[in-house]
Amino acid sequence: RGLGDVYKRQLQSRVGELEILVRLREEQLRMARMDKYGPRSEKLSASQLQLLDLEPGVQLAEVEAEASRQDSEKKVAAAPEGKQRKKRAAYSRAHPGRSPLPSHLPRKEVIIPCEEAPDGPLVGYEVREELVIKPAEFYVQVLKREKRLAVIADRRTIITAPMPLRIIEKCRFEDSVIIELVVRKYCDHQPAFRQRMIWERDHGIIVNDALLIRCILRAGELFQPLARVAGEELKKGGYIQADETRVAVLQQNGKGRNDTGWFWQYSAPDGLVYFDYQDSRSSAGPKAFLKGYTGTLQSDGYEVYTNLVEEIGAHAGCWAHVRRKFDAARKAAPKEVPCRDSQAILDEIASLYHVEKDARTTALDADGRLGLRQTRGIVTRLEALREKIVSTRSRVLPASQLGKACDYTLGQWDKLMVYTRDGRVEIDNNWCENDMRPIALGRKNWMHLGSEESGPKVAAIMTVIASAKRAGANVREYLSWVLPKLNDPATTEADLVEMLPARWLARRAEAAAQPER
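Under this note's numbering, the first residue of the sequence shown is numbered 17, with each subsequent residue one higher.
Hints in this document: simulated from the structure, not taken from any laboratory. Even for Gly, the Cβ is constructed at its ideal location relative to N, Cα and C. Careful, some of the hints might be misleading.
Listed next, the in silico DSSO-like pairs over lysine-lysine satisfying Cα-Cα at most 27 Å (straight line) [what the hints assert, rightly or not]:
id	residue 1	residue 2
1	LYS485	LYS373
2	LYS431	LYS404
3	LYS303	LYS252
4	LYS485	LYS150
5	LYS251	LYS431
6	LYS307	LYS501
7	LYS186	LYS251
8	LYS341	LYS431
9	LYS186	LYS341
10	LYS404	LYS347
11	LYS186	LYS501
12	LYS341	LYS351
13	LYS404	LYS373
Cβ pair distances, simulated, as ranges [claimed, not checked]:
id	residue 1	residue 2	range
14	GLY254	ARG30	52 to 60 Å
15	GLN267	ALA152	32 to 40 Å
16	ARG523	GLU132	50 to 58 Å
17	ARG402	GLU33	27 to 35 Å
18	ASP225	VAL434	46 to 54 Å
19	ALA152	SER467	39 to 47 Å
Let the sequences and hints guide you as you build the complete structure.
Following this line, the structure appears as structure tokens:
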């Protein structure tokens with residue numbers, strides 16, 4: 017009997033271990049299926065995901081149809097008759113009307129004659145506005161430089177008017193064409209070859225890709241001094257957000273695959289944006305850029321940032337990254353058995369963001385925002401949240417999504433508390449991440465950089481464009497103004513500081529406020 021009891025206990029222990037392992041594998045499998053089928057998979061049950069997995073040729077449209085069908089059926093079946101009537105009544109309400117077309121657009125009147133009564137007295141017009149688009153228009157500018165006869169030192173000679181400065185000398189493109197190339201590639205994510213195809217299809221203009229790339233890289237070369245000044249001005253502030261992302265680089269040594277480069281971004285929510293290109297994700301890049309900086313750096317939990325102790329004064333964490341990890345744990349749990357622990361923590365994090373929303377709505381400055389956080393008792397609420405996370409961590413598997421989320425949060429806790437002591441610091445570094453999205457969108461279109469040498473030039477272009485967007489400037493107008501000046505050899509370091517987007521906008525606003533004489 018004694019040996020039987022021991023064997024029984026061993027068997028029960030083994031069964032418990034296997035049950036835990038099965039739950040962990042089910043969670044991992046659900047996460048893999050969610051990655052495979054996309055956001056719609058969150059609305060599907062574990063059984064539906066399993067059925068989709070059995071069909072190797074399943075299309076995205078089928079996933080969406082299955083998800084929407086289930087939701088609509090549930091809503092119709094579960095909603096009481098009163099709510100259904102209220103929903104139908106909402107659809108029957110009068111449309112609020114179209115928003116007016118922008119007033120700054122020119123108006124061109126087109127009068128449509130009344131052919132049924134051409135001789136009747138005119139009593140008025142039925143007026144309706146509609147938006148019209150005129151496709152891009154190319155024309156050839158013929159430069160005719162005057163040649164004048166002049167007498168210099170009793171000698172007759174011919175003097176020719178100098179050629180205007182151009183981004184690329186002796187190029188067939190005027191500056192506006194190069195600016196259009198840059199804007200469409202780095203704002204609209206259209207690669208150069210696609211723009212070339214549009215030109216050929218719609219306008220019959222035939223150029224080669226090499227010329228377009230040379231024009232773009234020349235603009236990046238001119239932007240490099242301005243980008244360097246933007247980086248130096250950024251470091252003069254006391255608060256910087258940082259993030260990094262990879263980019264493919266066309267391999268040069270015949271390895272059969274692309275190399276990997278990295279764009280590091282440093283920015284201030286209400287200031288400048290600086291992109292730095294590096295050939296690796298090591299700490300060499302941020303150490304070099306942040307050398308001498310004594311302010312606060314905010315980032316995710318990547319270990320390179322945590323090792324910048326000598327370069328920064330304080331390191332702030334990001335609550336958005338914490339939220340994503342608990343949200344992943346919530347999604348990994350099947351709909352039939354929801355993860356209530358992760359949902360409770362997500363609700364607490366949402367309450368933190370409500371405070372930040374109120375601060376933005378009332379346009380509080382740094383001191384006012386810090387005061388609001390203190391008034392709302394953020395520190396006390398975070399201490400209670402930490403206790404909840406510690407309690408949750410003691411009850412879950414370390415390898416589970418929820419266990420990993422708890423470990424990440426507790427490991428970052430000191431950094432996550434920095435924003436409660438400094439009103440300048442945001443609750444997350446989403447400002448920085450938002451300016452990284454064009455790279456993610458762009459690399460799906462232009463695929464890779466042509467070489468390592470083009471990396472710093474592309475980084476300079478993105479620095480100027482992102483800084484202009486952050487300042488609220490019209491990118492095309494700003495580039496049209498600044499690029500010719502950057503090509504002027506007389507431009508000094510002091511001039512570069514005054515060319516930054518925010519200062520350009522301030523001068524424009526000041527000039528517009530001056531009364532006309």
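Against the structure, the hints come out as follows:
1. LYS485 with LYS373: Distance of about 22 Å is within 27 Å: holds.
2. LYS431 with LYS404: holds, 18 Å
3. LYS303 with LYS252: holds, 16 Å
4. LYS485 with LYS150: holds, 25 Å
5. LYS251 with LYS431: holds, 20 Å
6. LYS307 with LYS501: Violated, at roughly 30 Å.
7. LYS186 with LYS251: violated, 38 Å
8. LYS341 with LYS431: Given pair LYS341, LYS431 holds - Cα atoms ~17 Å apart, limit 27 Å.
9. LYS186 with LYS341: Violated, at roughly 55 Å.
10. LYS404 with LYS347: holds, 20 Å
11. LYS186 with LYS501: Since the Cα atoms of LYS186 and LYS501 sit roughly 18 Å apart, the hinted pair holds (cutoff 27 Å).
12. LYS341 with LYS351: With a Cα-Cα distance of about 18 Å, the restraint between LYS341 and LYS351 holds, given a limit of 27 Å.
13. LYS404 with LYS373: holds, 24 Å
14. GLY254 with ARG30: 52 to 60 Å: Cβ of GLY254 to Cβ of ARG30: about 58 Å, so the range 52 to 60 Å holds.
15. GLN267 with ALA152: 32 to 40 Å: Roughly 35 Å apart at Cβ, these two residues keep to the hinted range, so it holds.
16. ARG523 with GLU132: 50 to 58 Å: holds, 57 Å
17. ARG402 with GLU33: 27 to 35 Å: holds, 30 Å
18. ASP225 with VAL434: 46 to 54 Å: holds, 48 Å
19. ALA152 with SER467: 39 to 47 Å: Cβ of ALA152 to Cβ of SER467: about 30 Å, so the range 39 to 47 Å is violated.
Figure legend: structure checked against the earlier numbered hints; hints not met, in rising order: 6, 7, 9 and 19.
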